[in-house]
Amino acid sequence: MINTHDILETINMIQDENLDIRTITMGISLLDCCTGDAKSTCIKIYEKMTRKAEKLVKTGEDIEKEYGIPIINKRISVTPISMVLASGKGNPVLYAKTLEKVAQTVGVNFIGGYSALVQKGFAAGDEALIRSIPEVLDVTDHICSSVNIGSTKAGINMDAVKLMGQIIKESAEVTANKGCIGPAKLVVFCNAPEDNPFMAGAFHGVGEPDCVINVGVSGPGVVRSAISKIPNANITEVADMVKRTAFKITRMGQLVACEASKRLNVPFGIVDLSLAPTPAVGDSVAYILEEMGLEQCGAHGTTACLALLNDAVKKGGVMASSHVGGLSGAFIPVSEDAGMIAAATSGALTIEKLEAMTCVCSVGLDMIIVPGDTTAEILSGIIADEAAIGMVNSKTTAVRLIPAIGKNIGDTLNFGGLLGYGPVMKLNTASPAKFINRGGRIPAPLQSLKN
Amino acid sequence: MRAIITVVGKDMVGILAKVSTVCAENGVNVIEVSQSILQDMFCMIMLVDLEKSTVPFTDFSDNVTAIGNKMALSIHVMHEDIFNSMHRI
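Protein chains in written order, with my numbering: chain A, 4 to 454; chain B, 27 to 115.
Some clues are possibly wrong.
Stated by the list, open to error - Cut-off 25 Å, straight-line C-alpha distance, at most; resulting in silico cross-link-like pairs (BS3-like, lysine-lysine):
{"id": "1", "chain 1": "A", "residue 1": "K61", "chain 2": "B", "residue 2": "K44"}
{"id": "2", "chain 1": "B", "residue 1": "K44", "chain 2": "A", "residue 2": "K68"}
{"id": "3", "chain 1": "A", "residue 1": "K181", "chain 2": "A", "residue 2": "K356"}
{"id": "4", "chain 1": "A", "residue 1": "K265", "chain 2": "B", "residue 2": "K78"}
{"id": "5", "chain 1": "B", "residue 1": "K78", "chain 2": "A", "residue 2": "K68"}
No lab work stands behind these hints, which were simulated from the structure alone.
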């Protein structure tokens, strides 16, 4: 029999350290639903998605019970709707409402893919879809949207950057009476991955199979607890400990992914090795950094600790899974992480430090609440900076900012649930308006010329 | 399939008896048991075989955890594979 220590370690990880499978995400291609007409396309979308995902939630719940491991979310990602819209035309909101109906029928937590990929320019359907995002995020509850505005290969589409600043602001304004929830469901990407299972940025890329299962694991609490057991170790030993822990966490993700794939008769895509925090105390990435020896997250040294963490998670996880993909690394969403919330509230963590941290973490400026009177140009400036980091470093970067309408620096905005809460953070208010209004495209960097 | 049952809680008379009774009632065969007392805390680990179980796994799991709730013990029933995949390469 497996030894007692190992058994108790696993139980302890789940019971006390918040180890869980964050999401089972089913990717569904909608390309074969395009009929050239909006109404019949939506009927086909509804029919295909409800058929493919009919048993997704039930299967997730069965695995959860049988293996005794919590599976927090069951989600669906679809082909970027802008492509479907290019063929079907009509009002884009119609497609979003169809997806919302699917979410309610099959009982998933979120559907991602109300998306457009415009890193090099706008194709048919792209601009109409982007302009409809504020309304869609207002009239639906389960739909997540993302827009890819740059990539290492294509450069940065500054017209899209400008537009997205306005869209974020408008999304916050139209949902002001719902705690500005709109922009919390909207991600602006550079180098968006096509197999990401995590929301709000999930979509089903065009290179993906017809239907696929991707799994995202989580477990910042487990990593923190493992490091706390070696308080006097040197940093090499800390890195090794993170690797060992990440390996164990990922093995569980691989097991669940294979099992879900088998039971649903859908091919297994990837395991995303991310450390995804929740607002629950003990499920925080910031606390891992603090456990490494920082007084508070945001202190000088934070970027180095995060770099070590991000790298060790990948090294440990990569051998534990047959296919690794998605974002894979440490997430640093401010409002979803108890330690980040505390650090931002006390002033130890600033937007500039967060930007530096995004150079070495897996995503970007995530779930950051900014003053409601922030101009669209400043939001665009932040997007451009973040996209530049992603473009030059050949990594995914993302921006998910929430302008808190009617609130100012130091006030708190609360979304509830996994999206959490956080303080309104101070931004640099010097205007980048002229730069943003120039439009055009930042050329792809030399790094793109690898052939 | 095989599963691992873990029981942790305050030691009292009849824990092993009650858990194994539920196993027997559901046609679940106990393969191995290890138990220890750590500072008044009772800790038992059972490896069981559900091949000839008369009820679905989830029902069996509910039945076992129901005793846990009654006796204020923390009981988990988990598929053996989760431990194998996490701790063995």
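Structure-based check of each hint:
A C-alpha spacing of about 31 Å is found between K61 of chain A and K44 of chain B, which places the hinted pair above 25 Å, so the restraint is violated. At most 25 Å may separate the alpha-carbon atoms for a hinted pair to count; K44 of chain B and K68 of chain A meet this at roughly 22 Å. Straight-line distance between C-alpha atoms of K181 of chain A and K356 of chain A comes to about 29 Å, which puts the hinted pair past the 25 Å bound. For the given pair, K265 of chain A sits about 23 Å from K78 of chain B by alpha-carbon distance, which is consistent with the 25 Å threshold.
Pair hint K78 of chain B plus K68 of chain A holds up; C-alpha atoms about 19 Å apart against a cutoff of 25 Å.
When held up to the earlier numbered hints, the structure conflicts with 1, 3 and fits the remainder.
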